[in-house]
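Okay, here's what each chain looks like letter by letter:
Number of protein chains: 2
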Amino acid sequence: MIRKYRIGTPIETDSVVEKIKLSSGMVPGWEFDEKKKTLSMRMDADAAVYGLGVQVRGINKRGWHYVSFCADEPHHEEGKTSLYGANNFFVYVPSDKGDQRRFGMYVDTPGRVEFDIGFYNKDMFQVIFDEADAYTYLIEEEDDPDNNGASGILSIVRQFRRIIGRSYIAPRWAFGFGQSRWSYMNEDEVREVADAYDRTGIPLDSIYLDIDYMERYKDFTVSEENFPDFPAFVSEMKNRGLHLVPIIDAGVKIEKGYDVYEEGIAGDHFVKDGKGSPFTAAVWPGRVHFPDFLKEDTRRWFGEKYRRLMDAGIDGFWNDMNEPAIFYSEEHLAEVFEKLDTYKDKNLDIHSFFELQGLIGGLCNREEDYRSFYHEYKGERLRHDRVHNLYGFNMTRAAGEAFERIAPDSRPLLFSRASYIGMHRYAGIWTGDNMSWWSHLLLSIQQLPGLNMCGFLFAGSDIGGFGGDVTEELMIRWVSFGIFTPLFRNHSAMGTRRQELFRFNDTETMRRLVELRYALIPYLYSEYVRAAEQDEMLFRPLSFEYENDPRAAGVEDELFVGRSIMIAPVYTQNARGRYVYLPEEMKLVRFRSFSDYDEEWLSAGDHFLKAEPGEVPVFIRKGCELRLAEPVMRTSELPEYDELDKYVFRG
Amino acid sequence: MIRKYRIGTPIETDSVVEKIKLSSGMVPGWEFDEKKKTLSMRMDADAAVYGLGVQVRGINKRGWHYVSFCADEPHHEEGKTSLYGANNFFVYVPSDKGDQRRFGMYVDTPGRVEFDIGFYNKDMFQVIFDEADAYTYLIEEEDDPDNNGASGILSIVRQFRRIIGRSYIAPRWAFGFGQSRWSYMNEDEVREVADAYDRTGIPLDSIYLDIDYMERYKDFTVSEENFPDFPAFVSEMKNRGLHLVPIIDAGVKIEKGYDVYEEGIAGDHFVKDGKGSPFTAAVWPGRVHFPDFLKEDTRRWFGEKYRRLMDAGIDGFWNDMNEPAIFYSEEHLAEVFEKLDTYKDKNLDIHSFFELQGLIGGLCNREEDYRSFYHEYKGERLRHDRVHNLYGFNMTRAAGEAFERIAPDSRPLLFSRASYIGMHRYAGIWTGDNMSWWSHLLLSIQQLPGLNMCGFLFAGSDIGGFGGDVTEELMIRWVSFGIFTPLFRNHSAMGTRRQELFRFNDTETMRRLVELRYALIPYLYSEYVRAAEQDEMLFRPLSFEYENDPRAAGVEDELFVGRSIMIAPVYTQNARGRYVYLPEEMKLVRFRSFSDYDEEWLSAGDHFLKAEPGEVPVFIRKGCELRLAEPVMRTSELPEYDELDKYVFRG
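If you read the protein sequences in the order shown, they are chains A and B.
For the first sequence, my numbering assigns the number 1 to the initial residue and increments by one for each residue that follows.
For the second sequence, my numbering assigns the number 1 to the initial residue and increments by one for each residue that follows.
It is possible that some hints are incorrect.
Which copy is meant is left open, because identical chains are indistinguishable; a pair holds if it fits in one copy or across any two.
Here are the simulated DSS-like cross-link-like pairs (lysine-lysine), alpha carbons at most 27 Å apart as the crow flies [to be verified]: (1) K378 <-> K272; (2) K344 <-> K275; (3) K272 <-> K344; (4) K4 <-> K378.
Because the hints were derived from the structure by calculation, they are not lab data.
Next up, chain A with everything else stripped away, as it sits in the complex (with noise of 0.2 Å):
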């Protein structure tokens, strides 16, 4: 049962799918105040709020304040409030003492929108809004006997997903691992690391190329001294059975005859500043214009262009840098310098020298900048601000929409690091630019419900940590975790330690983990396609699937991964195991390999679950089967599930 209600005169985002007819009056069970255009509930003391996509914390969100505005955010620390995309889909289940009921709640506007879940006052939720516009849909149970079995949570979660429409299936092979680094900078390194996966019988399926493949930072353009002739090695190494994934950024380098940006100017594409001009940033090439993704012909144009390296034979893109990144604007940089010209004039004293620190500190992502340019939208103009969160998702639409066009029977990758809700229909998500701490590790198996819950099923973390140097053991504990995500890739930043898997010295243990992976794709892959298209969660907590288990609502560290099986990563250092809470009899597996285990039934309750590095404890569920394939090396070379039956578990 969905109800749309609405607040001021909201800006439609394409998000909803579905036509929902309008209620009239407020969003019941909230109130609006609209002075301060905030919608308030009182929370019951012991409720859980679950959902918002790529956040900071836990699967529990409550406790925090989470602000909607997709952020270049490279410091994921608990106190941040904003990452890379703004999900405002959110799931409250009270307790059952009181007499509140579950719902859903999706706050459908472009703007920044704050959600205060008990961080101001522990038990009020309030929906801080920037400007009051927007739809806000309830989503209530249905009382459904077609159910599946499926719990009240879960059947408001497949509600919303209905009417936000299908979400975007990848290919196969992006199951595959990928090997990354900012960057790869020529076709000899790309080579090297091919060659070195390969030696050392770690399977691979892609290698990602960072910002250096371009000339000089232009999209949709390949530098021909380091990549001579692109669309050979592009074949060269598909023949390998690698496919290439090369970044697009938001921005488009100014630059006299370089035909996007020739092409930008002529059609009118790239939004405007006060006065009508190409609003003016620095991003990677230095000065870029921003093209205006909320045109349908600019997303047309800028579409079109991916056509340029498909033909390359590329298949997979991961569209960066899109909320948009704003390294400086061209207009306060010049303010900045005046300023500085002020101090240096007189004695510096502390008050200004701190000035002066957050002058230099506050030029990237500036909030003023994004007050101070322009789209047009469905028929308006808008200041950006108001539709902020439309960003990402757009620069993703228009390359989603143009595969359509270029290449409509093939299943091209696709992901991007800004999001809102309705982007899932056209491209998976990274969560961003996470750091190589044992907590980020933990934080990206907290972040998967909130994704899927928002339809970003293809979906996953740097493994190993992108900012920071990795450790061996945080790697194979990472790895560990990520054979079980969608995305499944190792990224890593210029002038940090390399962390390539052959890399370690323990390279054996590294092959054997990728091993499992290529042996869980079959089942992952197929579950994967299924909770697409049956608008399911691949990755729920315990407390989805077990509503009226009290403990089950309290495991932050455990995540059901399809319908079969169940996995708690180990994410501490030096740990030689970890508590494990299940909620009912399960059927221990423990891989060091997909052919070297042990297996034990495990009664319902608390264990300490041993499990060295290396080994990956997977839990079956009573009654299900999990079926491996015998690893190979690429995903091409893997059966499908249905076809396999030599390693069966049976819970």
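Assemble the complex: chain A is given as a structure, and chain B must be docked to it using the hints.
Frame of chain A; chain B shown alone:
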């Protein structure tokens, strides 16, 4: 059994007070590579390493690298390598499988030294020197029948503690609750805090004065505007049973007519730049000189200044910014401004932009600044970086030595931010500028054993977190842990959410928790004094007490506190309990207040322990007892431990 070895030409640090004969040759069990200035040792696959004082990551330090170079580092993320202290003592504990033996090692060198404990290579321990000049002390187990039943690790620690001298003993009132803020700006704000605590019935013993009590951040001054009659105000507070504890910074403001500055110049007390003039840097007061605390007569001069505040009735201090923190050096700032001019003229490309950001971001605590000034130390002129880690130690020693002269019969409170072993004889420490993060609550638990090993028994973290915004639940959990730490102080930064306990909704729970602290003080203080006098640890991980229990070695979140009790704090959001491992049967007392609790015997093994916010589980060891006092509003009203007989809990 302690042996002392020499590498190069060590600088004496005064950290070891017992005379130990020098053994010839290199420390056995380690290889020394002269070219790499590195000591290295292969670690047993299951070996653990403990110690290193205030550092990031877990109790077992294996799996990361740590740099001893006292740092003003408010971002205590797991990717950092240095915090405020440099405490180079550790214990190595191999598994019983190999042929290695347990030992302790103290690397006594006042310059930068890195401990790579399985970071670069998971099985190698490397001690990497900046300058390979050090004494190393190798401490092996004593086969001492008179060991008081203590285990091997503890006997190693005790031997080490014996040679570094008895730990500072804080007054009992310092175990009372302390309320701090950067800053209470004037008398009225302090009074309001005192009034609000008294009104809500939450016990309190001290209120801290952060930098704004001073006249423009000048050490040993008090703002006449904000504290017009300071001695009268101190006395007013003392009459209410409250101690005021002012902060003292390392840098002395450069200001004509300011007597401390003038005396420092006249007495030649400041560190010198390369040309022999006083080195100028900026900290809170703007431009400052740093006293050369490494000189005995400078220590005597600076120490005498505390007398002014003591004459006004002050009996407690915290020494801050003594790494020393440097916001910028005058010389380098001039260079940066010159460089900025060159950016302005050219069109700033992305490369120059990052350079600009780095220039400004890198002004603070810059390594090159630490290489640009000089000390006079034991008759030598030494560049600062070579003795960096002695600076905070000797600032605090200046105060401690002065107190022995000024108040020989009393026990003033003194603690410091920077530390080096040796300072533990003069003062305690607080763990510096943490954040209001759940992960920092865990960190504050994990830092205690390492601190205790190095002699720092009077220690604690900023309860609720210094930076960032705390939530009520995090504060309740942090207080629930903090009631066991000697320093029990709520402190937070300017600009963050106010976090005095009376500001939350549930002041009733806050009151019960602080009351429980006061009920515990007789136990805690007597165990603390005993630990100091007997060279023991107040906080001990399970692995120190149950060396032959491999499960105990993996427990990173349970601590013995004194001889009778073990604690297992809850440190995750929305938790209703946690797992606990008991190496042997223990009595659980789950306190809701000193007089409201339930008791239960728990068997050895794993348990899921229910603990709602506001519930404090305490485990009493078999055959031990815990006696509680009836809570009072001030520590002065508390009886001694052996006078207690009403609330007795027996294990």
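>> Treating 27 Å as the Cα threshold, decide for K272 and K344: within, between, both or neither.
In response: Between. Shortest inter-copy distance 25 Å satisfies the 27 Å Cα cut-off; intra-copy 34 Å does not.
>> Within a copy, between copies, both or neither: which one fits K378 and K272 at a CA-CA cutoff of 27 Å?
In response: within (16 Å within a copy, 67 Å between copies)
> Is it within a copy, between copies, both, or neither that the alpha carbon of K344 lies no farther than 27 Å from that of K275?
Replying inline: This pair counts as between: shortest inter-copy Cα distance 25 Å, intra-copy 32 Å.
> Should K4 paired with K378 be assigned to within, between, both, or neither, using CA atoms and 27 Å as the limit?
Replying inline: Classified as within: same-chain Cα gap 21 Å, cross-chain 79 Å, threshold 27 Å.
In the structure shown, no violation is registered for any of the earlier numbered hints.
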